[in-house]
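Go ahead and model the full structure; you've got the sequences and the hints to work with.
There are 2 protein chains.
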Amino acid sequence: MAWIEPEVKEKPKKPMFLCVLSSTKTAHIPRLSAAGKTAELTDYTPAGDAELMETGNIISVPVLPMTPPYDTPTPAIMTRSALKLTDAPYHFINSGLIVTPDVSCIDLKAKPGEDIREPIAVNDVQGIYERAKLLAIRLRNQADHVIIGESIPGGTTTAMGVLMALGYDGNVSSSADENPLELKRQVVEEGMKSSGLTFGCLKDDPMKAIACMGDPMMPAVMGLVAGFQGTETSVVLAGGTQMAAVYALIKHMGLNTEKLAIATTRYVVEDKSANFIELTRALGVHVVYVADPGFGKSSLKGLHRYETGTIKEGAGAGGAMYLAGLFGITQDQFRAEVENVCKLLKAGH
Amino acid sequence: MAWIEPEVKEKPKKPMFLCVLSSTKTAHIPRLSAAGKTAELTDYTPAGDAELMETGNIISVPVLPMTPPYDTPTPAIMTRSALKLTDAPYHFINSGLIVTPDVSCIDLKAKPGEDIREPIAVNDVQGIYERAKLLAIRLRNQADHVIIGESIPGGTTTAMGVLMALGYDGNVSSSADENPLELKRQVVEEGMKSSGLTFGCLKDDPMKAIACMGDPMMPAVMGLVAGFQGTETSVVLAGGTQMAAVYALIKHMGLNTEKLAIATTRYVVEDKSANFIELTRALGVHVVYVADPGFGKSSLKGLHRYETGTIKEGAGAGGAMYLAGLFGITQDQFRAEVENVCKLLKAGH
Chain A
30 MAWIEPEVKE
40 KPKKPMFLCV
50 LSSTKTAHIP
60 RLSAAGKTAE
70 LTDYTPAGDA
80 ELMETGNIIS
90 VPVLPMTPPY
100 DTPTPAIMTR
110 SALKLTDAPY
120 HFINSGLIVT
130 PDVSCIDLKA
140 KPGEDIREPI
150 AVNDVQGIYE
160 RAKLLAIRLR
170 NQADHVIIGE
180 SIPGGTTTAM
190 GVLMALGYDG
200 NVSSSADENP
210 LELKRQVVEE
220 GMKSSGLTFG
230 CLKDDPMKAI
240 ACMGDPMMPA
250 VMGLVAGFQG
260 TETSVVLAGG
270 TQMAAVYALI
280 KHMGLNTEKL
290 AIATTRYVVE
300 DKSANFIELT
310 RALGVHVVYV
320 ADPGFGKSSL
330 KGLHRYETGT
340 IKEGAGAGGA
350 MYLAGLFGIT
360 QDQFRAEVEN
370 VCKLLKAGH
Chain B
30 MAWIEPEVKE
40 KPKKPMFLCV
50 LSSTKTAHIP
60 RLSAAGKTAE
70 LTDYTPAGDA
80 ELMETGNIIS
90 VPVLPMTPPY
100 DTPTPAIMTR
110 SALKLTDAPY
120 HFINSGLIVT
130 PDVSCIDLKA
140 KPGEDIREPI
150 AVNDVQGIYE
160 RAKLLAIRLR
170 NQADHVIIGE
180 SIPGGTTTAM
190 GVLMALGYDG
200 NVSSSADENP
210 LELKRQVVEE
220 GMKSSGLTFG
230 CLKDDPMKAI
240 ACMGDPMMPA
250 VMGLVAGFQG
260 TETSVVLAGG
270 TQMAAVYALI
280 KHMGLNTEKL
290 AIATTRYVVE
300 DKSANFIELT
310 RALGVHVVYV
320 ADPGFGKSSL
330 KGLHRYETGT
340 IKEGAGAGGA
350 MYLAGLFGIT
360 QDQFRAEVEN
370 VCKLLKAGH
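The listed protein sequences correspond, in order, to chains A and B.
Using this note's numbering, the first residue of the first sequence is number 30, and each one after it goes up by one.
Using this note's numbering, the first residue of the second sequence is number 30, and each one after it goes up by one.
Worth flagging that the hints you see were computed from the coordinates, not collected in a lab.
Keep in mind that a hint or two might mislead.
As the list claims (entries may be wrong) - With a Cα cut of at most 27 Å, we get these calculated DSS-like pairs of lysine-lysine:
{"#": "1", "chain 1": "A", "residue 1": "Lys43", "chain 2": "B", "residue 2": "Lys40"}
{"#": "2", "chain 1": "A", "residue 1": "Lys113", "chain 2": "B", "residue 2": "Lys42"}
{"#": "3", "chain 1": "B", "residue 1": "Lys375", "chain 2": "A", "residue 2": "Lys140"}
{"#": "4", "chain 1": "B", "residue 1": "Lys140", "chain 2": "A", "residue 2": "Lys43"}
{"#": "5", "chain 1": "B", "residue 1": "Lys140", "chain 2": "A", "residue 2": "Lys42"}
{"#": "6", "chain 1": "B", "residue 1": "Lys42", "chain 2": "A", "residue 2": "Lys40"}
{"#": "7", "chain 1": "B", "residue 1": "Lys43", "chain 2": "A", "residue 2": "Lys140"}
{"#": "8", "chain 1": "B", "residue 1": "Lys162", "chain 2": "B", "residue 2": "Lys140"}
{"#": "9", "chain 1": "A", "residue 1": "Lys138", "chain 2": "B", "residue 2": "Lys140"}
{"#": "10", "chain 1": "A", "residue 1": "Lys162", "chain 2": "B", "residue 2": "Lys43"}
{"#": "11", "chain 1": "A", "residue 1": "Lys372", "chain 2": "B", "residue 2": "Lys162"}
{"#": "12", "chain 1": "A", "residue 1": "Lys288", "chain 2": "A", "residue 2": "Lys162"}
{"#": "13", "chain 1": "B", "residue 1": "Lys162", "chain 2": "B", "residue 2": "Lys43"}
{"#": "14", "chain 1": "B", "residue 1": "Lys54", "chain 2": "A", "residue 2": "Lys138"}
{"#": "15", "chain 1": "A", "residue 1": "Lys162", "chain 2": "B", "residue 2": "Lys138"}
{"#": "16", "chain 1": "A", "residue 1": "Lys138", "chain 2": "B", "residue 2": "Lys40"}
{"#": "17", "chain 1": "A", "residue 1": "Lys162", "chain 2": "B", "residue 2": "Lys372"}
{"#": "18", "chain 1": "B", "residue 1": "Lys42", "chain 2": "A", "residue 2": "Lys42"}
{"#": "19", "chain 1": "A", "residue 1": "Lys40", "chain 2": "B", "residue 2": "Lys43"}
{"#": "20", "chain 1": "B", "residue 1": "Lys375", "chain 2": "B", "residue 2": "Lys330"}
{"#": "21", "chain 1": "A", "residue 1": "Lys113", "chain 2": "B", "residue 2": "Lys162"}
{"#": "22", "chain 1": "B", "residue 1": "Lys140", "chain 2": "A", "residue 2": "Lys54"}
{"#": "23", "chain 1": "A", "residue 1": "Lys326", "chain 2": "A", "residue 2": "Lys280"}
{"#": "24", "chain 1": "B", "residue 1": "Lys42", "chain 2": "A", "residue 2": "Lys140"}
{"#": "25", "chain 1": "A", "residue 1": "Lys43", "chain 2": "B", "residue 2": "Lys162"}
{"#": "26", "chain 1": "A", "residue 1": "Lys301", "chain 2": "A", "residue 2": "Lys280"}
{"#": "27", "chain 1": "A", "residue 1": "Lys138", "chain 2": "B", "residue 2": "Lys162"}
{"#": "28", "chain 1": "A", "residue 1": "Lys138", "chain 2": "B", "residue 2": "Lys138"}
{"#": "29", "chain 1": "A", "residue 1": "Lys113", "chain 2": "B", "residue 2": "Lys43"}
{"#": "30", "chain 1": "A", "residue 1": "Lys43", "chain 2": "B", "residue 2": "Lys113"}
{"#": "31", "chain 1": "B", "residue 1": "Lys138", "chain 2": "A", "residue 2": "Lys54"}
{"#": "32", "chain 1": "A", "residue 1": "Lys43", "chain 2": "B", "residue 2": "Lys43"}
{"#": "33", "chain 1": "B", "residue 1": "Lys40", "chain 2": "A", "residue 2": "Lys42"}
{"#": "34", "chain 1": "A", "residue 1": "Lys42", "chain 2": "B", "residue 2": "Lys43"}
Set out below in structure tokens:
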């Protein structure tokens, strides 16, 4: 599979990148999330991602977000590269962070998500949704094409949770080399039990699916999509199985998905432990943009880890590469910039 | 004095309005601030202003921001009108709010300001400044002309505080009919004493002037101005004596003020208790835009109160009217929209 040139009928005049940053205590379950060196350090990952995306380095967090065992650097290095190469407008959105970054975020006043094994996983789902919708209405005239990424450790497990509650097979992807799918399934089953849910029982109530099994990133992205509806602004969800889960929630809510696309990386699409393609097909996603940074050609060994299945996606990396493509950036130019970012960070070796 | 058509050599292509929302416990001193029905209710004023500017009404705050004794409605009605008429891009910036609005704000992670009679009035001045500067760097490519307003009850007293510390006469304006200048001067004197300051002693250290005598709105606006420097983006500070104080801080910091203007309302300029014109002249402000909404011609009596000196300015109202002028909106059109906003609120009668 090659770097896919985005097929956009008319090139957007005002693209904008948004990244929703959230936390869920589900990430504290040992061995569940690999989006950080340890389960505790995952609390710092979205903040570190934001600082890195904005400045090219971390500012306040104690350690660069990395995935063990090879300390593969966060996919935010790709997003940083795309934002730098394109100079595209962007914003970070805080929807329930445990640790906030030292760069400014638009605040949706959300609380961090609870462990989904608790009866309530997300508080005030409707409030988060409404505030995000108002924000999108405010941003309407600033953008004709919006790419929305996310950074939330533990997010593939909550994605599995809502997918099961909506009635979809939840073989989600993972940032780890070895996807701990059995552990995720066990956590989700416990969560469904504690909320009194069965497979597919919330297919007509996606907001409750989030409240019981989801995370605070979900209603934020949904609200943004809702706020851009009925305008000329088209939206691309930038992420793998997590954004497929959000797409499912949006569809079950009855929102229009005609102009809604998904962009992700080749690494998610090729993940044999997950079922991204089957899922997007089942959901009837019209367009999936698949970005390939060609890290196999890189001189940096840390980047090769992406080729063998570490990390795969996050911080809207696939969508950020798609954005770079819209600006005419080639795969080689993009990879060269990612290598520059890594060199400045002394990471990825 | 008439509605002044802004004289801009080249009309900006991408104007943007920013409103910095802050709190200082100085506003809790009885009879000091009239930006709210009672001293306690002033905590809700910036949040109410933001909700009103975004939606045309309050959402989460208990009462519309009003100034006694005639319950004159907040100047945010003017800002709301300008944003609605122009559809200009805008953002709210939370720099130390006690009460946050139910509409999204860009968060600078600032703490609310303390009572200036305490030794420390603002914590982490440098951090707020740096985060605001980074934000402006992010916004550079989204705007070529930025208008920055503020909403902070008690803000004229902190303005007097920093002006005195920098060595300027601090006859500041007020949102009340009767400017409690004596009380303000007494509070400022107590504050200078508790910080060990004398008149003008901090003329070479504006950051310390904020830390001892200012409020968290100040370093936010200064950081924004710093972040837009060296670009094509010009900045207008929208406010009365408070923004003159910020201008003074910027000047004493050694930042370039060539492209920095102030916009305010006729009511501030005509305030005989204050010395806005003398102050801006002493500071060498190149351009002051003076906006006149002509509320004397309004059928709503609440708006007449502005003509007799209640409120005068706030929430960047003067700058918002200047913005409307840039879009070709006439005084009559502007006033008609303000009346519409009041009618929907059932306010201003």
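Tested hints:
no.	hint	result
1	A:Lys43 <-> B:Lys40	holds, 20 Å
2	A:Lys113 <-> B:Lys42	holds, 23 Å
3	B:Lys375 <-> A:Lys140	violated, 34 Å
4	B:Lys140 <-> A:Lys43	violated, 35 Å
5	B:Lys140 <-> A:Lys42	violated, 38 Å
6	B:Lys42 <-> A:Lys40	holds, 20 Å
7	B:Lys43 <-> A:Lys140	violated, 35 Å
8	B:Lys162 <-> B:Lys140	holds, 17 Å
9	A:Lys138 <-> B:Lys140	holds, 16 Å
10	A:Lys162 <-> B:Lys43	holds, 23 Å
11	A:Lys372 <-> B:Lys162	holds, 26 Å
12	A:Lys288 <-> A:Lys162	holds, 17 Å
13	B:Lys162 <-> B:Lys43	holds, 19 Å
14	B:Lys54 <-> A:Lys138	holds, 22 Å
15	A:Lys162 <-> B:Lys138	holds, 23 Å
16	A:Lys138 <-> B:Lys40	violated, 37 Å
17	A:Lys162 <-> B:Lys372	holds, 26 Å
18	B:Lys42 <-> A:Lys42	holds, 14 Å
19	A:Lys40 <-> B:Lys43	holds, 20 Å
20	B:Lys375 <-> B:Lys330	holds, 12 Å
21	A:Lys113 <-> B:Lys162	holds, 18 Å
22	B:Lys140 <-> A:Lys54	holds, 26 Å
23	A:Lys326 <-> A:Lys280	violated, 38 Å
24	B:Lys42 <-> A:Lys140	violated, 38 Å
25	A:Lys43 <-> B:Lys162	holds, 23 Å
26	A:Lys301 <-> A:Lys280	holds, 25 Å
27	A:Lys138 <-> B:Lys162	holds, 23 Å
28	A:Lys138 <-> B:Lys138	holds, 13 Å
29	A:Lys113 <-> B:Lys43	holds, 21 Å
30	A:Lys43 <-> B:Lys113	holds, 21 Å
31	B:Lys138 <-> A:Lys54	holds, 22 Å
32	A:Lys43 <-> B:Lys43	holds, 12 Å
33	B:Lys40 <-> A:Lys42	holds, 20 Å
34	A:Lys42 <-> B:Lys43	holds, 14 Å
Against the hints set out earlier in the document, violations occur for numbers 3, 4, 5, 7, 16, 23, 24.
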